[in-house]
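Chains as they are written, first to last, in numbering that gives the first Met the number 0: chain A, 0 to 109; chain B, 0 to 302; chain C, 0 to 212; chain D, 0 to 654.
These are calculated hints, taken from the structure and not from any lab test.
We put the CB at the ideal spot given by N, CA and C, even for glycine.
Careful: at least some of the hints might be erroneous.
[Unchecked claim] When the alpha-carbon atoms are kept at most 30 Å apart in a straight line, the in silico DSSO-like pairs for lysine-lysine are as follows:
hint: 1; chain 1: D; residue 1: K579; chain 2: D; residue 2: K567
hint: 2; chain 1: A; residue 1: K43; chain 2: C; residue 2: K68
hint: 3; chain 1: D; residue 1: K223; chain 2: D; residue 2: K567
hint: 4; chain 1: B; residue 1: K78; chain 2: D; residue 2: K566
hint: 5; chain 1: D; residue 1: K579; chain 2: D; residue 2: K566
hint: 6; chain 1: D; residue 1: K566; chain 2: D; residue 2: K313
hint: 7; chain 1: D; residue 1: K446; chain 2: D; residue 2: K223
hint: 8; chain 1: D; residue 1: K588; chain 2: D; residue 2: K42
hint: 9; chain 1: A; residue 1: K43; chain 2: C; residue 2: K58
hint: 10; chain 1: D; residue 1: K588; chain 2: D; residue 2: K41
hint: 11; chain 1: D; residue 1: K567; chain 2: D; residue 2: K448
hint: 12; chain 1: D; residue 1: K567; chain 2: B; residue 2: K78
[Unchecked claim] Reference excerpt, derived from the structure (chain D facing chain B, CB under 8 Å, subset only):
hint: 13; residue: A95
hint: 14; residue: P174
hint: 15; residue: M352
hint: 16; residue: F363
hint: 17; residue: V398
hint: 18; residue: I472
hint: 19; residue: L475
[As the list claims (entries may be wrong)] Among the chain A residues that face chain D by a calculated CB cut under 10 Å, a handful are:
hint: 20; residue: Y79
hint: 21; residue: V93
hint: 22; residue: I94
hint: 23; residue: S98
hint: 24; residue: W100
hint: 25; residue: I101
hint: 26; residue: S103
So the chains spell out like this:
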Amino acid sequence: MSTVPAKAPAPETHQGGFPWSHVAGYLLSLVLTIGAFALVFHAKLSFHETLFVILFLAVLQILVQLLFFMHVTERHGPSYHMMMFGLAMFFVFVIVGASIWIMSFGSMVS
Amino acid sequence: MKRITPKGKLVATLAMGVSTLLLTSGCGQLLVFHPAGPVGQSELQLIWLQIALTAVVIIPVLILLAIIVIRYRDRPGSKAVYRPDWSENRTLEIIWWVIPIIIVGILGTVTAKKTFALTQPPKNPSNPTVVQPLTIEVTSMDWKWLFQYPNQQIATVNYCVIPTNRPVQFMLTSNGPMNAFWVPQLGGMEYTMPGMIMRLWLQADKPGIYYGHGGNFTGQGFAQMQFNVQAESEQQFNAWVASIANNSPQLTQGEYDKMAQPSILGQMSFSSFPPNAFENVVMSEGGKYMKHDQVMMNSISSK
Amino acid sequence: MSIAHSGLQHHVDEPLQTGVPLEFSTEDGATKILGFWLFMVTDVLLFACLFATYVVLYKHIGAGASAAKLFGDDVSGFTAETFILLTSSFTCGLATYEMRHGSHSRLKLWIVITMLLGLSFIGLEVYEFSTFVSHGDTMSTSAFLSAFFTLVGTHGAHVSLGIIWMGLILYQISRRGVNPVTARKLFIVSLYWHFLDVVWVFIFTVVYLTGVM
Amino acid sequence: MPESVRNFATHFFVTGDPMIYGADAAITLVSLGIVFTLTYFKKWKWLWSEWLTSVDHKKIAIMYLISAILMLFRGGADALLMRTQLAVPNNSFLTAEHYDQIFTTHGTIMIIFMAMPFIFAMFNAVVPLQIGARDVAFPYLNAVSFWLFFFGAMLFNLSFVIGGSPDAGWTSYPPLAGLQFDPGPGENYYLVAVSISGIGSIATGINFMATILKMRAPGMTLMKMPLFTWSVLASCVVILFAFPALTVALALLLIDRIAGAHFFTMLAGGNPMQFINLFWIWGHPEVYIVILPAFGIYSEVVATFSSKKIFGYKSMVASLMAIAVIGYLTWAHHFFTMGASAGVNVFFSISTMCVAIPTGVKVFNWLLTMFRGRIRMTMPLLWTLAFIPNFAIGGATGVWLAGAPADYQFHNSYFLIAHFHQTLIGGVVYGMLAGMYYWWPKMFGFKLKDRFGHWAFWFFNIGFYVCFTPQYILGLMGMQRRMYTYGANMGWTSLNFVSTVGAFLMGIGFLFIAAQIVHSLFNMERDVTGDIWNGRTLEWSLPSPAPHYNFAVIPTVSERDAWWEMKKAGNTSDLLPNAKEIRPIHMPKSSGVPFLMGVAFFVLGFGVVFNWWVIAIVGFVGVVACLIGRSLEEHPDYYVPVDEVVHTEAALGRL
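Throw the hints in and build the complete structure from the sequences for me.
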């Protein structure tokens with residue numbers, strides 16, 4: 000049994016204090032969200048450009064949640080959960096991407 | 000029938016089976032290995048290549064298995080070498096990582112070429128003159144096949160006639176559950192799907208009657224979804240078209256709707272079909288949203 | 000000894016690991032947290048399939064409203080939902096923070112606030128759905144609406160479950176205090192909550208924003 | 000009123016077919032028999048406290064195994080009925096309707112309710128013992144998984160006598176499986192039952208992945224894990240990523256059917272092809288989910304009975320993981336003929352062929368493991384040896400099918416049928432049988448006698464080739480799958496008849512396996528060594544069967560093939576517990592909740608099948624109550640006192 004100690008992000012005994020990283024995460028998520036809204040309602044990019052950028056902002060939001068709220072870097076032994084989550088992201092990309100590709104039925108028969 | 004017990008049925012079946020075996024002689028033909036046109040021919044070439052390349056691996060495996068099992072079997076006084084800790088050999092491992100990679104590489108390349116080629120009308124080296132392809136619209140229904148000839152304005156059920164040496168463009172759709180259109184001697188299958196037009200290029204090089212059947216299960220009448228593709232010379236084909244156009248009844252909208260209901264029918268011919276019957280099926284409901292490529296839509300609307 | 004409640008252990012006398020958050024202090028707690036991450040992986044894939052279906056079908060509007068029409072008329076609803084859920088993710092994070100830093104009364108307060116925010120999110124969503132339905136845009140109107148209601152509804156069902164679950168944990172923390180078991184439970188439900196926030200970010204991006212674009 | 004009652008009853012109960020009445024009678028008799036026996040021998044309490052409430056992975060394994068064998072029987076009986084119908088042309092043994100139901104239940108049962116529980120039986124029986132753990136990571140969840148599977152299977156089988164079986168094929172493609180063409184409750188049974196057991200499968204995947212990652216004995220690094228455990232890990236990876244797609248596909252079709260949505264209908268913009276896409280996102284990886292553990296079993300068996308280290312361990316591990324990931328990227332090869340672009344077909348053709356590379360490597364490594372070994376011809380090895388030619392041929396035909404243009408000719412024909420039976424029977428069933436023979440002594444404490452085993456092996460194996468070789472040829476002759484009959488003029492008669500004979504030979508083989516189990520049960524010779532095969536891995540260091548806590552003291556591992564190395568070094572006594580080292584052992588308590596939760600899911604599912612919402616809500620409330628009850632449980636575990644451990648170990652002669 001692996002007993003590598005978990006990385007402790009915060010000292011256990013510390014009382015009170017201010018949750019700086021949580022506040023930072025919250026502010027970041029607000030900024031990213033407002034950014035996406037602003038892009039859609041006020042910017043003059045094309046449909047695909049906008050789509051690309053707001054999807055990118057959404058991916059950043061994942062990182063914000065993972066890093067600031069979900070303590071993804073905390074681990075107890077090897078970080079299997081990060082590997083599996085990474086693989087999951089890859090398969091999400093495959094499922095959505097390939098479904099669009101397949102279901103577009105560009106049969107190209109001439 | 001209802002009185003017979005399952006056991007009785009079983010005995011009767013077995014008895015019937017044995018007697019039928021004795022009475023019937025010979026085997027069916029390996030249709031896939033006897034293609035009658037360039038498409039089936041091209042697919043068969045790939046199959047032969049696959050057989051050859053996989054045999055390169057399979058046969059040594061089987062021989063090795065036999066030799067190893069016989070030689071290293073544990074029997075008293077066996078003189079065969081015993082090396083319980085021998086478990087690594089880089090050279091050997093590299094060899095059998097690399098051989099399959101090479102085989103897959105070759106097969107993958109050929110597959111890719113053929114897959115793209117099959118989306119084009121068959122090219123016939125023996126008949127290089129450009130021939131106008133024939134278009135046939137095929138609708139699978141519960142449980143029959145409707146063939147419409149948009150340029151000839153005739154329709155048939157459960158059989159169709161095509162001219163030899165001329166590429167035929169089958170445009171496939173379904174008015175009911177999805178099926179698949181398969182004429183093994185002419186070439187591989189393609190699904191017929193509601194709301195979609197699928198296109199399949201086939202061509203017959205010699206006259207004959209070719210067996211066709213639905214390829215995807217559609218319910219209780221599925222086993223009866225057989226049809227024939229009859230290949231004839233150009234003149235005979237034209238004569239046939241003329242005779243159908245002159246002698247056969249019309250297919251009215253009412254009869255079409257009746258036909259779309261589940262039933263099993265024999266072969267039928269019609270001198271007309273309801274205008275836009277095929278297009279209406281394709282574009283009804285879900286079909287509106289599917290991507291139908293422009294060439295195809297033009298060919299439909301240009302009639 | 001609190002470890003007595005912590006599920007399957009290899010060694011009874013295994014000491015609580017110090018220098019790590021309470022929820023990680025037993026092997027069992029750490030294993031359950033990993034197990035929950037694995038569950039979230041399957042949930043990610045589940046939502047991926049729903050998203051794939053939505054993307055394939057979202058233009059298939061039949062006789063019903065299009066996405067632009069449906070969401071474009073009133074953007075305040077989903078905008079409010081988005082900010083409420085983002086905020087609840089933050090307050091839920093604060094609950095974990097307080098759990099780790101010792102103020103249990105504030106921990107409970109943040110959980111209650113998170114639940115209230117969750118409830119208001121659900122309330123808005125129910126209102127939104129009922130508005131659509133009252134205009135005749137139901138699940139059986141078109142493939143697009145089927146996909147929309149299923150995708151967003153599945154998320155809503157997750158959030159509702161999360162609220163009930165959080166209530167259960169709150170009850171347990173009130174009764175038993177914070178120990179390795181309740182700490183682990185709170186940590187897991189907070190993971191779940193943040194995860195739902197992530198899913199929502201994609202829903203408002205792919206469904207709502209793309210719809211009104 | 001009586002008229003309406005009769006009307007209801009004839010629709011509710013399946014009527015009109017003598018075979019169904021026979022089944023009704025048989026089910027009633029068997030149930031009465033079971034109730035009578037349990038009452039007569041006063042075994043109800045034993046059944047409840049020892050089995051139904053057990054969270055012990057070893058008992059769950061046995062329950063999975065029994066279920067799998069029963070379902071193999073049911074699915075096999077379906078197969079024989081089909082083959083009987085097809086033995087001669089224009090046969091009227093079965094009607095089209097009945098035939099359609101039978102091939103649908105055959106496929107569903109074999110994949111979902113036979114192969115899955117069989118691999119889970121092996122997971123449960125072996126993995127914790129092999130990695131030196133006291134149980135799985137989440138024993139309670141493990142019991143929940145089992146009961147979800149079990150009641151899912153019950154619900155599915157119930158369709159045979161109540162309401163009617165599903166009849167749209169195990170792939171259940173809409174629009175055929177939609178309300179428009181299939182209004183009966185049969186299809187709902189399929190959707191609900193498979194979903195319920197699918198939830199159980201996801202939970203098992205999570206459970207074993209956490210077990211393997213977190214609960215290995217000290218010193219057992221990943222690269223020292225036995226290959227079976229590796230294969231389970233690979234299989235769990237695929238379960239985690241694939242099963243959610245099935246859940247979604249089935250749920251959406253169910254929503255179409257019961258809530259009038261339009262995902263896959265032809266109306267209002269629905270797209271049936273998206274179901275096919277989603278279904279195979281699960282469906283193809285599913286094949287790897289069941290075959291990977293079989294690969295693991297072959298690796299264990301080959302090494303043990305060659306008395307030799309597995310050849311190329313690292314390659315074996317790499318190929319397992321490669322298959323798990325590449326296998327996920329191949330699903331579209333199930334619908335090359337659906338009109339996706341040529342680019343899609345080429346991509347999925349090549350990715351499919353790529354799976355053959357790591358698979359081929361594994362075959363060579365198994366051969367080389369036997370090379371320079373001492374091969375003992377035991378039952379597990381016999382099935383393994385029979386697997387190799389089977390899989391070589393099945394793999395080759397798989398490569399043929401992978402080439403899109405060739406697939407246009409093979410697709411949906413009997414060639415395809417022969418191919419996937421060759422891999423699923425020759426790969427999975429042979430593997431599970433090998434595993435069953437191999438670990439039977441560990442699970443039950445006695446060995447299966449060879450007496451009927453060899454008969455079983457030869458009947459099954461010869462029957463296999465007699466049955467399926469003709470089907471390859473029939474496919475090339477143009478015979479389609481799922482045809483309930485064919486004409487005498489097709490020239491398919493003799494081959495079909497031969498195929499039917501082969502199917503019955505396999506049936507006889509199965510009966511011999513049953514006879515072998517019964518015979519061994521009544522002529523039991525207890526295994527007192529615990530290491531009956533001269534094994535290599537940690538499970539063989541324990542008594543057979545292992546005490547409920549598995550290891551009195553958790554072993555420390557320093558080598559691959561830990562037990563073999565210890566035997567070689569002569570320090571096996573290190574693994575025997577020392578009375579002073581024994582501590583109270585922390586174990587989960589038995590619980591009736593998983594069973595009740597299964598019952599609640601069954602009630603919920605039954606209500607949904609018939610759209611009887613009151614019943615469904617009752618079931619749903621039951622499920623929620625079980626979940627809440629578990630969450631509030633304060634002491635789900637207990638300690639086995641030192642005295643009891645010492646006593647048990649002493650009785651086993653290990654102190």
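For each hint, the structure was consulted:
no.	hint	result
1	D:K579 with D:K567	27 Å, holds
2	A:K43 with C:K68	20 Å, holds
3	D:K223 with D:K567	17 Å, holds
4	B:K78 with D:K566	24 Å, holds
5	D:K579 with D:K566	24 Å, holds
6	D:K566 with D:K313	23 Å, holds
7	D:K446 with D:K223	28 Å, holds
8	D:K588 with D:K42	21 Å, holds
9	A:K43 with C:K58	23 Å, holds
10	D:K588 with D:K41	24 Å, holds
11	D:K567 with D:K448	28 Å, holds
12	D:K567 with B:K78	22 Å, holds
13	A95	4 Å, holds
14	P174	5 Å, holds
15	M352	4 Å, holds
16	F363	4 Å, holds
17	V398	6 Å, holds
18	I472	7 Å, holds
19	L475	4 Å, holds
20	Y79	5 Å, holds
21	V93	7 Å, holds
22	I94	6 Å, holds
23	S98	6 Å, holds
24	W100	6 Å, holds
25	I101	5 Å, holds
26	S103	7 Å, holds
Of the hints listed earlier, there is not a single one the structure fails to meet.
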